[in-house]
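Participant: Please build the complete structure, drawing on both the sequences and the hints.
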Amino acid sequence: MGDALVRIAAVGKSFGTTRVLDGVDLDVNRGEVVTIIGPSGSGKTTLLRCVNALETYDEGSVRIDGVEVGFRDDRRRPRRDRDLSRIRAATGMVFQLFYLFPHLTAAENVMLGLRRVRRMTKQAARERALHWLDRVGLADRAGNLPSQLSGGQQQRVGIARAVAMDPKVLLLDEITSALDPELVGEVLAVVRSLADEGMTMLVVTHEMQFAREVSDRVAFMDAGRIVVQGDPETVLRSPRSERLRAFMSRVSHVSSPGVG
Amino acid sequence: MSSLEILLRALPSLWSGLVVTLEVSALSVGCALVAGLLFGTALLYGPLPLRLPVRTVVDVVRGIPVLVLIFFVYYVGPAAGLDLGSFAAAVLALSLFSACQVAEITRGAVASVHHGQMEAARAIGLTFRQRLLWVIFPQATRRFLPPWINGVTDTVKGSALVSLVGIVDLMLAIQQVIGRTYRPMPFYIVGAIIYILINYSLSSASRHLEARFAYVRD
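Residue numbers (our numbering), protein chains in the order written: chain A, 1 to 260; chain B, 1 to 218.
Be careful, since some hints might not be right.
[To be verified] A short, non-exhaustive set of chain B residues, derived as facing chain A with CB atoms under 8 Å:
id, residue
1, S2
2, S3
3, P49
4, P53
5, E119
6, R122
7, Q130
8, I193
[Said to hold, decoys possible] The following residues of chain B were derived to be distant from chain A, with all beta-carbon distances above 10 Å:
id, residue
9, W15
10, V19
11, L50
12, V54
13, D59
14, L67
15, D83
16, E104
17, Q117
18, D154
19, G166
20, G179
21, P186
22, Y195
23, I196
None of these hints come from the bench; they were simulated from the model.
By construction, the Cβ of each residue, glycine as well, lies at the ideal position given by its N, Cα and C atoms.
Facilitator: Printed below as a string of structure tokens:
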């Protein structure tokens, strides 16, 4: 694995006395889709948020394209806000609860980062935003405020907002968990098409079927550690770990695909 | 002299008083807005060494009657080497008082914006200032406006107190006219009506603005 785009090595983090990440190693190669599954509280969302510095980590290292995310030097001094902004611009994140900007239209949501971070002209940003809204099937919704869109549509705008920035890696944090079951499909279809085009993704999800279809690799987390990782067939079809088996039997009893 | 004649002859004094009242109010409101936003931002995001003194100033000032604050700046200021003259001292005192109200309003309005908004703004790589300017403040505006306009009307009314350090604002102009004419009743009523007109137009402007910023349903 010489071509790791995201290299997570021995990452540890504690909230007070709780050990949320306990020495996590995980690589994401260029063009690869890696899915993290596991029970709630296992640390998977925290791990994802360490990759774009929404969370800090106490030990270990997270590197994107060789650049340490959380610290600015070997003395492990935390990065300044301006540095972090630059590093975050290299990643795209889609949130469970969308977090669209409610005062901006769909197009303006996508344009904000293009204008202020990528410093594009208004015209160029608009064209790019409309291109991506079209890609997620919302060309006709460009002028709508988030409050005028369904959950699935909002989440697709969320994806367009992240992807339009041309990130090196896309981070998806349980992006279908807050959706009504009938809206999950349209969002996953967009993610699938991005995966087909070779977008590098690190995905936290409860959608086992989706994880199986789209992932190149699945990592099962429990109690702040990656217990098993490997290709989806091996990990999900024949769970060797006792804890993974227990987890799999719990989620397979859940009939609704939208449960998070 | 008929009552109407008396009123007409008093108009120029009342007018220049009104202009002074509007000047004092506008200056105080403007300074208070800038300073209050900075104070409020410091309270929200400032490091402890900044937050602590701002917190102290805000709490102390909010606990003092405006009149005492005006007297304090006017009479104690020169002793501390801050000899501003009555107009500047009064504006400074009023501004400081309103700034501390604005700071609290800002804090509350920003706190009402969902924390996910800050996260999303971070995630696309906006800097701290950009996050405030393009994401947080526009959303906080809706919560900020109603109490802020309320505060503006308080400042306009509070500006009547500057008459007590000898500034000939609307209040003192009225008192001077009464001193000349011995007709307290009609002129106090005229004064009250003028204050009500100013503040009523402010609060109707506020309602229009609120409607304009009502993009989030909650």
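Participant: Was B/G166 rightly flagged as not at the interface, with every chain A Cβ beyond 10 Å?
Facilitator: holds (46 Å)
Participant: Is the Cβ of B/Y195 farther than 10 Å from every Cβ of chain A?
Facilitator: Holds, since 35 Å exceeds 10 Å.
Participant: Minimum Cβ distance from B/I193 to chain A below 8 Å?
Facilitator: Interface hint status for B/I193: violated (39 Å vs cutoff 8 Å).
Participant: Please check whether B/P49 passes as an interface residue: C-beta within 8 Å of a C-beta belonging to chain A.
Facilitator: At about 17 Å, which exceeds the 8 Å cut-off, the nearest Cβ of chain A leaves the hint on B/P49 violated.
Participant: Holds or violated: B/P53 as interface residue toward chain A, Cβ cutoff 8 Å?
Facilitator: violated (22 Å)
Participant: Is it the case that B/I196 keeps its Cβ farther than 10 Å from each residue Cβ in chain A?
Facilitator: holds (34 Å)
Participant: Since B/G179 was said not to touch the interface, does its Cβ keep a gap of more than 10 Å from each Cβ of chain A?
Facilitator: Holds, because the least Cβ-Cβ distance between B/G179 and chain A comes to about 53 Å, which exceeds 10 Å.
Participant: Are B/Q130 and chain A close enough, Cβ to Cβ, to be under 8 Å, as the hint says?
Facilitator: At about 5 Å, which falls below the 8 Å cut-off, the nearest Cβ of chain A leaves the hint on B/Q130 intact, so it holds.
Participant: Grab the minimum C-beta distance from B/R122 to chain A and call the hint holds if it beats 8 Å, violated otherwise.
Facilitator: holds (6 Å)
Participant: Over 10 Å from every CB of chain A: does B/D83 meet that, or does the non-interface label fail?
Facilitator: Consistent with the label, B/D83 stays out of reach of chain A, its closest Cβ about 41 Å off (over 10 Å).
Participant: May I ask you to test the interface hint for B/S3 with respect to chain A, counting a Cβ-Cβ separation under 8 Å as satisfied?
Facilitator: violated (54 Å)
Participant: Take a quick look at B/E104 and tell me if its Cβ sits farther than 10 Å from every Cβ on chain A, holds or violated.
Facilitator: For B/E104, whose nearest Cβ neighbour in chain A is about 23 Å away, the distance exceeds 10 Å, so it holds.
Of the hints listed earlier, those the structure fails to meet are numbers 1, 2, 3, 4, 8 and 17, in rising order.
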